[in-house]
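Order-wise, the sequence lines are chains C and B.
One rule links them: number in this note's numbering = place in the first sequence (from 1) + 45.
One rule links them: number in this note's numbering = place in the second sequence (from 1) + 633.
No lab work stands behind these hints: they were computed from the structure.
For clarity, every value in this text was computed on a predicted model and none was experimentally measured.
A few of these clues could be false.
Dumping the calculated SDA-like pairs for lysine to any residue here, alpha-carbon to alpha-carbon at most 20 Å [claimed, not checked]: (1) C/LYS106 / B/GLU737; (2) C/LYS94 / B/VAL652; (3) C/LYS94 / C/ARG122; (4) C/LYS94 / B/LYS690; (5) C/LYS116 / C/LEU101; (6) C/LYS106 / C/SER142; (7) B/LYS690 / C/LEU101; (8) B/LYS690 / C/SER71.
Below are the chains, spelled out letter by letter.
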Amino acid sequence: AQSVSQHNHHVILSEAASLELGCNYSYGGTVNLFWYVQYPGQHLQLLLKYFSGDPLVKGIKGFEAEFIKSKFSFNLRKPSVQWSDTAEYFCAVLSVSGGYNKLIFGAGTRLAVHP
Amino acid sequence: DGGITQSPKYLFRKEGQNVTLSCEQNLNHDAMYWYRQDPGQGLRLIYYSQIVNDFQKGDIAEGYSVSREKKESFPLTVTSAQKNPTAFYLCASSWGWRGNNNTEAFFGQGTRLTVV
């Protein structure tokens, strides 16, 4: 069965530190990959997505992610975090199989950025 | 405004009762999804649907049922068979796979269900 693993459940950083959140998935077929963010009290928003082409994708608010097919990974990065990045981050995989599109999420990573 | 509407925002249910959560979208999306969000467990897929009158079980379908009689509506029923129903429920929709880049899901604001 398909699955998504996020390695870090809680991350605490100081402002201006660099961020990397790990995401691995298990599915050998066609996938689209996503990172979503959930700010406190708000609904899920799309940060960035990978469909095909350049494996390095850029999203909103200075986030980027790299798709490494051989490692089944899609890690999220940001060179310098801000206090406003405090949120929960979810990696998601859309798998295509037999005409069905199954969208599954990782367990999430809670990021706290201290001023 | 285009979007996904979940209602109600808060719902209380007595143990042993079935309850139905509403999800409506006016984005003309083909695919719709129901998730359950619990602290530390992320979003777990309950049911999903690609087209009208067709839906598939997700990873935690036991104790839940759905219907997809209209493209814009995908209600979720939490039955009395669901052992731990208190949770935050999220509905989402997307174009689904069309061989292009527009496959991301859009989410509603969620329904918080509490069993009392």
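Do the hints match the structure? See the list:
1. C/LYS106 / B/GLU737: holds (18 Å)
2. C/LYS94 / B/VAL652: Violated, because 35 Å separates the two Cα atoms, which is more than 20 Å.
3. C/LYS94 / C/ARG122: holds (13 Å)
4. C/LYS94 / B/LYS690: violated (25 Å)
5. C/LYS116 / C/LEU101: holds (14 Å)
6. C/LYS106 / C/SER142: violated (33 Å)
7. B/LYS690 / C/LEU101: violated (33 Å)
8. B/LYS690 / C/SER71: Holds, at roughly 19 Å.
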